[in-house]
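S.K.: Using the sequences and the hints, build the whole thing.
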Amino acid sequence: MNRRTFFLGIAGLAGCARDTRPRLNVYNWSAYVGPETIPDFEREFGVRVRYATYESNEELLAKVFTGNSGWDVVFPTYNRLEPMRSYGLLAPLRHDWLPNLPNLDAGFRAPAWDRSLAWGVPYMWYGTGIVYNRSVHPAPTRWADMWNPALKGRMTMLDDPEDMLGACLKKLGCSFSSTDPQELRRAEQEAIRQKPLLSAYLNAEVRDQLVAGDVLMAQLWSTTAQQAIDAAPNLAFVFPAEGFPFYCDCAVVLRESHRARLAHEFLNYLLRPHVSARVAEATKTATCNGAAHALLPPAIRDNPVLYPPPDVFARGEWPRALPPAAQRLRDRIWTEIKAS
Amino acid sequence: MRLRSWFLFPAWIWLAALFAAPFAIVMAYSFLTRGVYGGIEAPWTAESYQRLADPLYFAIVVRSFAIALAATAICLVLAFPAALFIARAPRHKNLYLQLVMLPFWTSFLVRTYAWIFLLRDTGLINTALQAIGLIHHPLPLLYNDGAVLLGLVYAYLPFMVLPIFATLERLDPSLAEAAADLGARPLSTLFRVIIPLSKPGIVAGCVLVFIPCLGAYLTPDLLGGGRTVMIGNLVQNQFTTARDWPFGSAISIVLMLLVVAGLWAFLRRESEPLV
Amino acid sequence: MKRWLAAYAAAFFAFLHLPLLTLAVFSFNSSRFTVWQHFSLDWYRAMFHDPQILEGTRNSVIIALLATAISTIVGTLCAYGLWKRGSRMLTGALYLSLVTPEIVTGISLLALFQWAFRWLGWQLGIFTVVLAHVAFSIAFVVIVVSARLRTISPTLEEAAMDLGANEWQAFWHVTLPALIPGIVAAALLALTVSFDDYVITSMVAGVDSQTLPMVIYAMARRGASPVINAISALITVFFGILILVSEKVREA
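In the order they appear, the protein sequences are chains A, B and C.
Residue numbers for the first sequence follow my numbering, so the first one is 1 and each next one is one higher.
Residue numbers for the second sequence follow my numbering, so the first one is 1001 and each next one is one higher.
Residue numbers for the third sequence follow my numbering, so the first one is 2001 and each next one is one higher.
These aren't lab readings, by the way, just hints derived from the structure by calculation.
C-beta: ideal position from N, C-alpha, C; glycine also.
Treat the hints with care, since some could be wrong.
What the hints assert, rightly or not - Computed list of lysine-lysine pairs in DSSO-like fashion (alpha-carbon distance at most 30 Å, straight line):
1) A/Lys195 <-> A/Lys152
2) B/Lys1093 <-> C/Lys2248
3) B/Lys1093 <-> B/Lys1199
4) C/Lys2002 <-> B/Lys1199
5) C/Lys2002 <-> B/Lys1093
To be verified - Computed beta-carbon distance windows for the label pairs:
6) A/Pro196 <-> B/Glu1169: 46 to 54 Å
7) C/His2038 <-> B/Ile1132: 18 to 26 Å
8) B/Pro1173 <-> A/Pro196: 34 to 42 Å
As the list claims (entries may be wrong) - Reference listing, derived: stretches of chain C covered by chain B, where coverage requires no fewer than 3 residues with Cβ under 8 Å from a Cβ of chain B:
9) 2059-2067
10) 2080-2090
M.R.: Below is the structure:
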C-alpha cells in the first residue's frame, strides 16, 4: 500500500461518517427499546440517532459526569436524578414541548422523587426479586432462601452494592435504604456468610447462565428475569416476602446537550402510547405509560412478574437517594465483602 | 545537532501533554476532597492517603501482589522450557515465535472470554467430562482465584517467552557443550549454566508479566465473577460505583509508586537498555 | 531431554491455541449452547447485521490507523533522536509510560480531557481516543525501533556526511531505509495494542467512539453470545493474515 492509497483510505473511512441530517445522541440501558423504535423516529423526524447502551448506572454516571460526554438523552434510575441535578448535569424539562406527558400512568405523574416531573420522564419500572429454576425444591419465597447451603455454587447475587446490601437488610427486617451503621454492619455479616455459597456476583450476564442451567437461583431485576423466563420456561420469578425494591428509569435531557428541542421531541415520541407499548412488548419491561399499558396484549399486561398484583406491590419499597455518609459506609462495606 | 532536537520535539510534546500533565492532575486530585455526590472539591488534604493505611486496603494490596507474583511464577515455569525449545529448534524458529505471538494479536477480551466459554458449568470442559462420565456434577471451575490466575497466565505468557528466547538464542551453545564435556548431566547444566546465563531475559520477562498482572482489573472482574478484588478493581470502583475520585487517584498514585519501586529494585543491576 | 522438550512444546502450543480454536469452531455451531448441533453461519450473519458491531469495527479501524500513524512517526523520530544522543528524562518517561497500569493511564487521561474540556471545549470522542492510544503506544514504537537502530552502525551516517550529505539527507537516505523492518514491526505492534485496548478506551470514549472491544465487552456483560465467537474468529484470521503479509514486507 503506498502512501496515497493509505490516506485516501482513511479519508474514505472518515467520509462514511458524514451525514447531514440533524443528530441526536441517545445512551440507554441495553435491551430497552424495540427494534423499530429508533429507525421509526429517524424516519419520521428526518434525523439520525446515535444510539449506544450501558449496563449500569455507574457506567452511565462515570461517562456523563464530566459534562462533555456528548450525549443528549440518557436514562438514569430515579434515585440518581438528585445527584445528577445537584451537579448541574440535567436540563429542566420543558412541559410545553412534551404534550404526551399526560399519557403517563397516574402513579408516575407526580412521583415522590420528582413531584412536578421537572427533571425526568418516568420510562420503565421494575423490581428486584429472585429468579429460580423450577427444579429447586422448595421454591424460594424469601430472601432468606438465598442462604440455602444445598444450592452452594449455583446461586448468584447482583454485582451492585445497593441491591445486594438491600437484600441482606430486608432479610434482617430493615429498610432497603437504611442509613443506620449498626444495621448496615449486620447486613454485612449476612453478606459475608452468604459469599461462600455464591457462584459469583453477576448482573445481566447471569440471564444466559440461568437459561443454560449453570445457575439455579439468582437475585435479578424483574425485567431481565422475564427475558430469561421467555427463553427458558423452566424458570420462575418471585418477589420476596420480606420486601423488595422498586426502581424506575427516567428519560432525561442532559444540560450539555445542544439539541434540547430535538431531545424533547424524542422524549415526547417515547411517550406515545403505541411507541411505548411496542417497547414494553419487545423488551418485556413494565411501562410507566398508562395509555400504553392499556394497549398491551393481555398476556403481557397481566404478567405478574412485570406488573405485580396489588398485594405484592404493597410489599415493595422505593429506595431513597442515600446521604453521603451512609453512601461512604456502604462503599466501604462493599469493598470489605468483596475482599473477605 | 539541530535535527535531533527537531526529531525529539514531538516526543517532548507527548511527554508534557499526554504523560506529565495527566499524571500531575491525578496527583492534584489525590489531595482534594470528595464532593457530596462525587467529583472533587476543596480543601486540600492528605486524607485519601491516610485512608489507605487501613488494613482492609493493605490486605487488598497484599492479595494483588500475591496473585501477580503467582501468575509471574507460573508464567516463568511454563515459558522457560518453551523458550528453550524454540531457541534450540534447528528449523522453523520464526514460525514457532509467531505461534507464540498469535494469541497475543487477538483481542484480550476474546482471550478472556474464551476461558469463560471453557470453564463455566455448562462450558466445554464440564460438558465433555460429564459426557464421558468422569463427573456427574459440573466442577466449579469459573469464578474463583484459580480462574483469575489462569486468565492472567494465559494473557501474559507470550511476554515471558519472548525475552527469555531472546537471551537463550544469544547464548553460546559451546558453553553447554563444555559443561557436558566436563561431566555435567543435562539437568545440572540447565540449572547451573543455562538458567544463570539467561537471567537478563528472565528478569525482563518477569517485569513484563508482573506489572500488568498487578494492575489487572478486567480478568478478576470477568473470570473472578466479582468475588475477588485486586488493586485495579479498587481503583476502578472508586471512579465508578463509589465516585470517590480523590481516593481513586490516591490509590493510582500509590500503585504507580509500588510499580516504580519494584522495577527499580528489580532492574538496578540490569545493564541491558530497552531504549 | 530433547524428546521431553518437544513433547512439552507441543502441549504448550496446545494450551496457547486450543481455547481460541474451540471458540472459533463453536462459532459455526447452530446452537447457542456448548452442545454441538450442526454447522451454521447464523452467528456470522447476525454479526454482519448488527449495527453496533459494524460501527464499532469502523471506529476501531479509524482509531487504530490514525493512532498507529501518529505514534509510529513520533516514536520513530524519538528513537532516532535518542540514538543520536540519549535523554535520561525522556527515556525514563517512556519506561514509566510502559509500566503504568492501564487503569491508571486511563483515569489520568480522562482527568486531562476533563480539564481540556473546561478550557478548550473538547468533547470526548474519536479524537480523545486517538490521543489516548497515541499516548500509550509511543513507548512500544520507540522500543522496537530502538532495537533495530542498535543493529545499525553510526559510521554509515558519518560516511554519508563525509561524502557531502547533510544531516537530513543522511537520515533520509541512509538510516531510514535500514530502519524500515523495525518501523513495520513497530507499526504492527502499535496497531494491535490500539485495536485491542479496552480499559483506556472505555474511559475516554464518547459518543462517536464505541470501539469493537467496547462492543464485545458489552456483549459479554449481557451474557454469552456465539456472535462473540464469530467476531473473535474473524479477528484472529485477520491478524494472522496481517502478520503473514508484514513478514513478507520485512523479508522483501
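S.K.: Each hint needs a verdict: does it hold in this structure or not?
M.R.: Results for each hint:
1. A/Lys195 <-> A/Lys152: It holds: about 10 Å lies between the C-alpha atoms, which stays within 30 Å.
2. B/Lys1093 <-> C/Lys2248: Cα-Cα ~16 Å, so holds.
3. B/Lys1093 <-> B/Lys1199: holds, 21 Å
4. C/Lys2002 <-> B/Lys1199: holds, 22 Å
5. C/Lys2002 <-> B/Lys1093: Given that 30 Å is the threshold and the Cα spacing comes to 16 Å, the pair holds.
6. A/Pro196 <-> B/Glu1169: 46 to 54 Å: holds, 48 Å
7. C/His2038 <-> B/Ile1132: 18 to 26 Å: holds, 22 Å
8. B/Pro1173 <-> A/Pro196: 34 to 42 Å: Given range 34 to 42 Å: violated, Cβ gap about 53 Å.
9. 2059-2067: With 0 residues close enough to chain B, the hint is violated.
10. 2080-2090: holds (count 8)
Consistency with the previously given hints fails for numbers 8 and 9, ordered from lowest to highest.
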